[in-house]
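Engineer: Chain by chain, the residues run as shown.
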Amino acid sequence: MAPLTLSSVRKRFGDTQVIHSVDIDVADGEFIVIVGPSGCGKSTLLRMVAGLEGVSDGEISIGGKRVNDAEPMERDIAMVFQNYALYPHMTVFDNMAYGLKIAKTPKPEIEARVAKAARLLQLEPYLKRRPRELSGGQRQRVAMGRAIVRRPSVFLFDEPLSNLDAKLRVQMRLEIKQLQRKLGVTSLYVTHDQVEAMTLADRMIVMNAGRAEQIGAPLEVYADPETEFVAGFIGSPPTNFIDAAGLGGPGARVGIRPEHMRMADTGRLSGHAVSVEPLGAETLVHVMLEDGTALTLRQDGAAPLPGIGEAVTLDWDAASEMRFDAEGRRMR
Amino acid sequence: MKGHMEKRVIFKGKWLPLLLILPQLAVTAVFFFYPAGEAIWQSLFIPDPFGLSMQYVGLGNFEYLLNDPYYRASFVTTAVFSVLVTLVSMGVALFLAVLADRLIKGSGTYRTLLIWPYAVAPAVAGVLWMFMFNTRVGVITWYLGQLGYDWNHVLNGTEAMGLVVIASAWGRISYNFLFFLAGLQSIPRSVIEAAAIDGAGFWTRFRTIVFPLLSPTTFFLMVVNIVYAFFETFGVIHTITAGGPQQSTTILVYKVYADGFVGQDLGSSAAQSVVLLVVVGLLTVAQFKFIERKVHY
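Here the protein sequences come in this chain order: A and B. So for the first sequence, the working numbering puts the first residue at 0; every next one is plus one. So for the second sequence, the working numbering puts the first residue at 8; every next one is plus one.
These aren't lab readings, by the way, just hints derived from the structure by calculation. Treat the hints with caution; some may be incorrect.
Heads up, incomplete: computed chain B residues facing chain A, CB under 10 Å, no partners named [as the list claims (entries may be wrong)]:
hint: 1; residue: 208
hint: 2; residue: 215
hint: 3; residue: 219
hint: 4; residue: 242
Glycine is no exception: its CB is placed at the ideal position from the N, C-alpha and C atoms.
So here's chain A without its partners, still in its complex pose:
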């Protein structure tokens, strides 16, 4: 358990810079999620913290100690990989005990620690099995167990749930969250799934093209995006963007969340309904404006629905408008 700091961290592969000066301060015991589209550099950043990739510039410190040049094993971290990376020729017990054996932990203590982790993760009946005899969810748990038994200062998660089916993913998400709370270990979690990020994070970092676009509590980021990218990436369905020229006022583009847009008798925009998705509690209405812009409205499931092709007029409260300049930065 230790704070983790990244200051002006950069990564170059040859002439290509993939991480552009990232600064993060992770408090002791905090759960930080790095979220972004594929290729944004989030996994590279995590691997740099793990020591699996070198740092081109800047400094990474764990527990106040600079670790730039430390080997992975010297950093007091544990990592859960996307494909679990279990040792296929070892039993579940040996998989979890591997790090402890190398650290020359006394045998009774190894057994006690593995037993405790197995109990915590409901792996007790499987300790003698090999990874290939386990289901995806069980393998995931073994990978977690391997990380837990070593009692590291920092947990690193590299898209640990992306190989699981949707139902298991939701369940494991909850378990990871509860486990992290219980153990209180500083955690860095990488995902491309913004729902995972929203539900797990104490604070989240939205990355795009090697830059941390915004760092903040999930709801704060959702409610108050700093950039057009963040507004578009966080939230499902994504924020509607409209050319500001047609609406007047400052900026290049205006963003309005689907739930903030409504059909009204008189409004600032007009178009026609192209499709309707009733989801039960709510309904998504897809509207095409005259200039071809596609918008989505999220409305209550009980609200009246427009017919397909029917002309609709749209309006919203001025307070829910988010204006962005030509570079995509938020204007306040």
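Chain B: place on chain A using the hints.
Structural biologist: What follows is chain B alone, placed relative to chain A:
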């Protein structure tokens, strides 16, 4: 093997499959079953030196062989030789493969260069090594002489064995290297990384993760290399030592040749072929039965 459901396409009909495996069967029959049968048949007779008549002796040839101290010595020589060839060629190949696996730039060139020796025929490899170690003009012999070592494999049996082992293993390294490299590259990177994070240094990782995961490859190569050492090293031995000095490099397959074609003792030679056939058959079965069980994970 539980939990494995395999879907197979099944073709009906008898004649097409039979027709398709016929060439293979024909080749096996002409080049294996017929000569093997002939060897078994001949091993029961003693022909006269001119091949004009044969006398039936039952298992007499085998009886004679088992009581022949030279033949028993040849067994030991073969065991030593094949174990050494296998160890050297696999050891060096594994070492080179581990180095190549760590290489990122130029690994293609490195690999191509390492594959070349495989294209050299055993007899040519034998001549190559024979020249380098030639007692009068060999370049390595000269260097060894400078260091104060008097190399003479023509007189020294241990040196002769060392030389044929090196020459036989050398051509084999390429082949083993390719398999080891493929094996190493099929180990997921993340497993190695997980071990590194778990605190394992390079050697610990190699011992506890990489080598066990390579065991199917290692096992396969072991079988192939032993069979190679038993049979395909004839050319090397023939060109370098011709089985000498004092039979110190006469492995079983060379003795078959020496007794049969040089000594004209065709009955004994045939009996030796049969023994060889049985030994290799048993060796392979034993290897697959007992060792294969341990290498699966």
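Engineer: Each hint should be assessed against the structure and marked as holding or not.
Structural biologist: Checked hints:
Using the Cβ-Cβ criterion of 10 Å, the hint placing residue 208 of chain B at the interface with chain A is satisfied: the shortest such distance is roughly 8 Å. Contact between residue 215 of chain B and chain A, as hinted, is supported at the beta carbon level, the nearest pair being about 8 Å apart and thus within 10 Å. A least Cβ separation of about 5 Å between residue 219 of chain B and chain A falls short of the 10 Å threshold, and the interface hint therefore holds. For residue 242 of chain B, the interface hint is violated, since its Cβ never comes within 10 Å of a Cβ in chain A; the closest pair sits about 39 Å apart.
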